[in-house]
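Q: Residue numbers (the numbering used here), protein chains in the order written: chain E, 860 to 1386; chain Z, 860 to 1386.
Simulated from the structure, these hints should not be mistaken for lab results.
Please note that the accuracy of each hint is not assured.
Identical chains share a label here; the pair holds if one copy fits it or two copies do between them.
Below, in silico cross-link-like pairs of lysine-lysine (DSS-like), each with a Cα-Cα straight-line distance of 30 Å or less [as the list claims (entries may be wrong)]:
{"id": "1", "residue 1": "K1171", "residue 2": "K864"}
{"id": "2", "residue 1": "K1302", "residue 2": "K992"}
{"id": "3", "residue 1": "K1099", "residue 2": "K1302"}
{"id": "4", "residue 1": "K1309", "residue 2": "K1163"}
{"id": "5", "residue 1": "K1058", "residue 2": "K1285"}
{"id": "6", "residue 1": "K864", "residue 2": "K1302"}
{"id": "7", "residue 1": "K985", "residue 2": "K1171"}
{"id": "8", "residue 1": "K1002", "residue 2": "K909"}
{"id": "9", "residue 1": "K1366", "residue 2": "K899"}
{"id": "10", "residue 1": "K992", "residue 2": "K864"}
{"id": "11", "residue 1": "K879", "residue 2": "K1113"}
{"id": "12", "residue 1": "K992", "residue 2": "K1058"}
{"id": "13", "residue 1": "K874", "residue 2": "K952"}
{"id": "14", "residue 1": "K1166", "residue 2": "K1285"}
{"id": "15", "residue 1": "K895", "residue 2": "K1366"}
{"id": "16", "residue 1": "K1378", "residue 2": "K1171"}
{"id": "17", "residue 1": "K1166", "residue 2": "K1268"}
{"id": "18", "residue 1": "K1099", "residue 2": "K1268"}
{"id": "19", "residue 1": "K1058", "residue 2": "K1033"}
{"id": "20", "residue 1": "K1033", "residue 2": "K1378"}
{"id": "21", "residue 1": "K1037", "residue 2": "K864"}
{"id": "22", "residue 1": "K1366", "residue 2": "K985"}
{"id": "23", "residue 1": "K1309", "residue 2": "K1362"}
{"id": "24", "residue 1": "K1058", "residue 2": "K1037"}
Quick caveat, the model's predicted, so the values are computed rather than measured.
2 protein chains.
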Amino acid sequence: MVSWKNFDTLASYNKLMALKGRINLVEVMSGENGAKRVAKYNVPMACGLKYNYAAKLVDDEVLSVLQELADEAQLTEKYRELYNGAVINTGEKRLVLHQLCRSQLGEDVMHNGVNKREFYVSQQKKAADFANKVHAGEITNDKGETFTTVVQIGIGGSDLGPRALYLALENWAKQNGKQKMEARFISNVDPDDAAAVLKSIDVSRALFIVVSKSGTTLETLTNESFVRDALKNAGVDPSKHMLAVTSETSPLAKSADFLEAFFMDDFIGGRYSSSSCVGSVVLSLAFGPEVFAAIMDGAAESDKLAKDPDIKKNAALLDALIGVYERNALGYLCTAVLPYSQALNRFPAHLQQLDMESNGKSVNRFGEPVNYSTGPVIFGEPGTNGQHSFYQLLHQGTDIVPMQFVGFKENQAGMDVVIQGSTSQKKLCANVVAQIMAFACGKDDENPNKAFAGGRPSSIIAGEQLTPYSLGALLAHFENKVMFQGFIWNVNSFDQEGVQLGKLLAKRVLAHDTDGALKAYAEMFEI
Amino acid sequence: MVSWKNFDTLASYNKLMALKGRINLVEVMSGENGAKRVAKYNVPMACGLKYNYAAKLVDDEVLSVLQELADEAQLTEKYRELYNGAVINTGEKRLVLHQLCRSQLGEDVMHNGVNKREFYVSQQKKAADFANKVHAGEITNDKGETFTTVVQIGIGGSDLGPRALYLALENWAKQNGKQKMEARFISNVDPDDAAAVLKSIDVSRALFIVVSKSGTTLETLTNESFVRDALKNAGVDPSKHMLAVTSETSPLAKSADFLEAFFMDDFIGGRYSSSSCVGSVVLSLAFGPEVFAAIMDGAAESDKLAKDPDIKKNAALLDALIGVYERNALGYLCTAVLPYSQALNRFPAHLQQLDMESNGKSVNRFGEPVNYSTGPVIFGEPGTNGQHSFYQLLHQGTDIVPMQFVGFKENQAGMDVVIQGSTSQKKLCANVVAQIMAFACGKDDENPNKAFAGGRPSSIIAGEQLTPYSLGALLAHFENKVMFQGFIWNVNSFDQEGVQLGKLLAKRVLAHDTDGALKAYAEMFEI
Chain E
860 MVSWKNFDTL ASYNKLMALK GRINLVEVMS GENGAKRVAK YNVPMACGLK
910 YNYAAKLVDD EVLSVLQELA DEAQLTEKYR ELYNGAVINT GEKRLVLHQL
960 CRSQLGEDVM HNGVNKREFY VSQQKKAADF ANKVHAGEIT NDKGETFTTV
1010 VQIGIGGSDL GPRALYLALE NWAKQNGKQK MEARFISNVD PDDAAAVLKS
1060 IDVSRALFIV VSKSGTTLET LTNESFVRDA LKNAGVDPSK HMLAVTSETS
1110 PLAKSADFLE AFFMDDFIGG RYSSSSCVGS VVLSLAFGPE VFAAIMDGAA
1160 ESDKLAKDPD IKKNAALLDA LIGVYERNAL GYLCTAVLPY SQALNRFPAH
1210 LQQLDMESNG KSVNRFGEPV NYSTGPVIFG EPGTNGQHSF YQLLHQGTDI
1260 VPMQFVGFKE NQAGMDVVIQ GSTSQKKLCA NVVAQIMAFA CGKDDENPNK
1310 AFAGGRPSSI IAGEQLTPYS LGALLAHFEN KVMFQGFIWN VNSFDQEGVQ
1360 LGKLLAKRVL AHDTDGALKA YAEMFEI
Chain Z
860 MVSWKNFDTL ASYNKLMALK GRINLVEVMS GENGAKRVAK YNVPMACGLK
910 YNYAAKLVDD EVLSVLQELA DEAQLTEKYR ELYNGAVINT GEKRLVLHQL
960 CRSQLGEDVM HNGVNKREFY VSQQKKAADF ANKVHAGEIT NDKGETFTTV
1010 VQIGIGGSDL GPRALYLALE NWAKQNGKQK MEARFISNVD PDDAAAVLKS
1060 IDVSRALFIV VSKSGTTLET LTNESFVRDA LKNAGVDPSK HMLAVTSETS
1110 PLAKSADFLE AFFMDDFIGG RYSSSSCVGS VVLSLAFGPE VFAAIMDGAA
1160 ESDKLAKDPD IKKNAALLDA LIGVYERNAL GYLCTAVLPY SQALNRFPAH
1210 LQQLDMESNG KSVNRFGEPV NYSTGPVIFG EPGTNGQHSF YQLLHQGTDI
1260 VPMQFVGFKE NQAGMDVVIQ GSTSQKKLCA NVVAQIMAFA CGKDDENPNK
1310 AFAGGRPSSI IAGEQLTPYS LGALLAHFEN KVMFQGFIWN VNSFDQEGVQ
1360 LGKLLAKRVL AHDTDGALKA YAEMFEI
């Protein structure tokens, strides 16, 4: 049996705290020793990716304590509990099964007589069959015209993950003949969001996916209604254009208002739901079911590697441990995620939700306050764009922000140009490696304004090319990293009670059931 | 004469530090006292906007010390020096004149015999005339067809500000018959960025603006070349499709490769350059010159209000002071910018550059290290989207992140829908006010996992509608806020030496002039 203990009650906690300040990054990354670190501090990941942590504030001693922590906190044992179907989401008393969409890592997981792996596979197959029929022209609009666009209507996890994945593969799909339909996304309750999307497409040839587990998400139902109006105005029958992705018990599940319904369950939270039909329906329609399947295969390979208790062979586990070391021993609040790939331009926004909503908690799994820092603030933009923006602070600001770079040797679109003896892609890669070293080692200068102190830690995930397969590996890597960190902090990474109070007060505002400051604020907007 | 002193040498510094912990936000914002604060702690801004700081950790005593600080640090006097043409950018020995694009706030600013206001106005007029001719079909492509798309090629300030402004007004322009041309942006050296944009437009009917002050920005020149190839492949003469926005001394200035060149100078940094021809050319082409002029008018009104030494009448000054109080006295590293307007979806990315590149410094104006924290980490996404993402951490995480909300009573696109008795726009506004109160006051619950401690400070900028005019006011508000904060921290907010080292090392990587870790990293990408 695993034992759930607060981080600061572990013997390895104090050992880890005592390690603060032992590494001079400028020193260890300079000269040939630096090259040795790059060769040594490298973990193979799924799908040919590598996790290199040479420029992190670690050495063999730190790694040894991190291994102790991993063992003492029983991190891979807890992962095994999770994938074998334990009630890991204690707050909501739910299993946590997103990995099971990708593959079965352990025992059969049964719930109410249903084999959950079979359930998830059946929904993927349903999405695949539906997508194939749409692509083959067997499912069309009223006039018998093929559908050309798919629009996902969802918010939070029903939006950020699927959107990030879609954008990550759009160029790749066009280049490889896999783009079956354009995809768009409507999320915000701001009516201008839906209006802009609807103005930019031919609604009479669009399929709309309403994504809401409960079938009661305010933003999504509002946008659904917005879209139904637009379809009626376009002279078509909304029920022939709308799909539901929801739970089997939701009001959307059996409604005649939808052409088809695909089912999710309570065991996959929004921010982990790209692997469920929240992702499979839109991505299978956009790129074909085999592309979605390749994402799942990449993720499954990551999930399998995450079982290894040896931190030097388990990139997700090591990434998690280093992050905790930075957060708790070194006291760094933020982490910047910096993909050198324009295709990953919304991946940081997905990770921002994944990480901050999972581990931004102040109580442990048993509802008791914890006395240590938990989840970090995550932000990021693609490189090289960020270099011309907020990197100034990362290089020369008064606080240290650890960084997580991502880069690929090849680009996706098959177009490039040689300027000054190198391709754009080579320039992109040259920049990411240059940044790692500039942050780590800095540069002396007699003018302090031009000096760089260095000592700013980063890691990099490097790969050959961003493909469905490597994208899946990347997705699962971060999910597993966040899961392991949640285990260390002893928080429940799978609920989100912090989103409730705002919803409640918004309802009171709309019902004019307010007083005091809330009423005064509402009057500012004439509500 | 103004006196430039380090923040911690001011008498008001110690007074401010001593105020930490005096406000219990839950208490002061509860009941009728909370309503009084909302009424009282409110500053009218330009263009009908309001800055409301009732939910900040201030009271009359804190405000009184902040006023002392503003006076002692001579903040508005320093602003006067700036707009009168002093060499405020000490590192690069340059004037700082972005406000002069909007209006002349003080004396004539002459440089090398040129009246700079006249210079900026002449360039705006040149952009306006050019745009009018394009819209009238007097300037066309080789076949005599009108141009339908304008593509800005630039990075950092040549991208983020103009892009954020364009997206902020796209819906408004379509609704108000002001959309003259679609605009697109190419920024990243990643070749997939340019490829994706070029695949999505008809290049034979597109104008491309190459934006680089020096004419040597690697990313921009690379993308220029990429685009020239695409134009040649489309069978058109690139020189008839390309415009330059650059300095008069740059290699691009007099080149026959461009249909027209528009000029900027050294006195407006990239992140402040939306008001220069970096913004005027693309926005005048997209929306017409009068829309750009309205943005400038709104900004000018903000600039004028920023002259007032009374912090209760000067929103930019007060916003700056409260931010410094939060950063230095309360020790908060981050600030979240949360616009409840989908149109402002890239405004946080602009502010991230504006703020972090301006004040992410560790040395003062004289190149001496400072002993206090400077610029914060800025991040944000539009609401309500963020509510379903990272707000969990903002509500219940172990660290406090101050917030800056923005909201408007009316939406832009003129489409809305009534669900459950309210429009989407009302729901959007109800959510922003609900969030302010949820963060400020929290909620007790016997289950600590469902409890909210509150005490999380925020302000809101509220307006009628996001229009060119109010957008200009918003843009200038934040520029002036950042400027005042730079004055308090005694840093040079107008250089960015922190971006240089990475560029230098990237060149060495491309020249194979590397050893040690840098060489080892480069080999990971086969460079």
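Q: So, for every hint listed, does it hold in this structure?
A: These are the hints, each one checked on the structure:
1. Taking the closest pair of Cα atoms, K1171 and K864 come within 30 Å of each other only inside a single copy of the chain (24 Å); across copies the shortest separation is 50 Å, beyond that limit.
2. Taking identical chains as interchangeable, the C-alpha atoms of K1302 and K992 are never at most 30 Å apart, the minima being 60 Å within one chain and 50 Å between chains.
3. Taking CA atoms no more than 30 Å apart as the test, K1099 paired with K1302 passes in neither setting, with 63 Å inside one copy and 44 Å between copies.
4. Taking identical chains as interchangeable, the C-alpha atoms of K1309 and K1163 are never at most 30 Å apart, the minima being 46 Å within one chain and 34 Å between chains.
5. Proximity of K1058 to K1285 under the C-alpha cut-off of 30 Å is restricted to the inter-copy arrangement: shortest distance 22 Å between copies versus 38 Å within a copy.
6. In this assembly of identical chains, K864 and K1302 lie within 30 Å of each other by CA distance solely across copies; the values are 27 Å between and 43 Å within a copy.
7. In this homomeric assembly, K985 and K1171 never come within 30 Å of each other (Cα to Cα): the closest approach is 39 Å inside a single copy and 61 Å across copies.
8. For a Cα distance limit of 30 Å, the shortest separation of K1002 from K909 qualifies neither inside one copy, at 50 Å, nor across copies, at 51 Å.
9. In the homo-oligomer, the alpha carbons of K1366 and K899 lie at most 30 Å apart only across protomers (26 Å), although the nearest pairing inside one protomer, at 55 Å, exceeds that limit.
10. Within a single copy, K992 and K864 get their C-alpha atoms no closer than 51 Å, and across copies no closer than 71 Å, so neither meets the 30 Å cut-off.
11. When the C-alpha separation of K879 and K1113 is checked against a cutoff of 30 Å, the pair qualifies neither within a copy, at 57 Å, nor between copies, at 56 Å.
12. Both within a single protomer and between protomers do K992 and K1058 lie at most 30 Å apart by alpha-carbon distance, with minima of 27 Å and 27 Å respectively.
13. Within a single copy, K874 and K952 get their C-alpha atoms no closer than 34 Å, and across copies no closer than 50 Å, so neither meets the 30 Å cut-off.
14. Taking identical chains as interchangeable, the C-alpha atoms of K1166 and K1285 are never at most 30 Å apart, the minima being 35 Å within one chain and 48 Å between chains.
15. In this assembly of identical chains, K895 and K1366 lie within 30 Å of each other by CA distance solely across copies; the values are 23 Å between and 59 Å within a copy.
16. Proximity of K1378 to K1171 under the C-alpha cut-off of 30 Å is restricted to the inter-copy arrangement: shortest distance 23 Å between copies versus 56 Å within a copy.
17. For a Cα distance limit of 30 Å, the shortest separation of K1166 from K1268 inside one copy, 28 Å, qualifies, whereas the shortest one across copies, 51 Å, does not.
18. Within a single copy, K1099 and K1268 get their C-alpha atoms no closer than 44 Å, and across copies no closer than 35 Å, so neither meets the 30 Å cut-off.
19. For a Cα distance limit of 30 Å, the shortest separation of K1058 from K1033 qualifies both inside one copy, at 23 Å, and across copies, at 10 Å.
20. For the identical chains of this complex, K1033 and K1378 are neighbours neither inside a copy (51 Å) nor across copies (34 Å), given an alpha-carbon limit of 30 Å.
21. Taking identical chains as interchangeable, the C-alpha atoms of K1037 and K864 are never at most 30 Å apart, the minima being 48 Å within one chain and 61 Å between chains.
22. Taking identical chains as interchangeable, the C-alpha atoms of K1366 and K985 are never at most 30 Å apart, the minima being 36 Å within one chain and 51 Å between chains.
23. For the homomeric pair K1309 and K1362, the shortest alpha-carbon distance between copies (13 Å) is at most 30 Å, but the shortest distance inside one copy (48 Å) is not.
24. In this assembly of identical chains, the alpha carbons of K1058 and K1037 lie at most 30 Å apart whether taken from the same copy (25 Å) or from different copies (15 Å).
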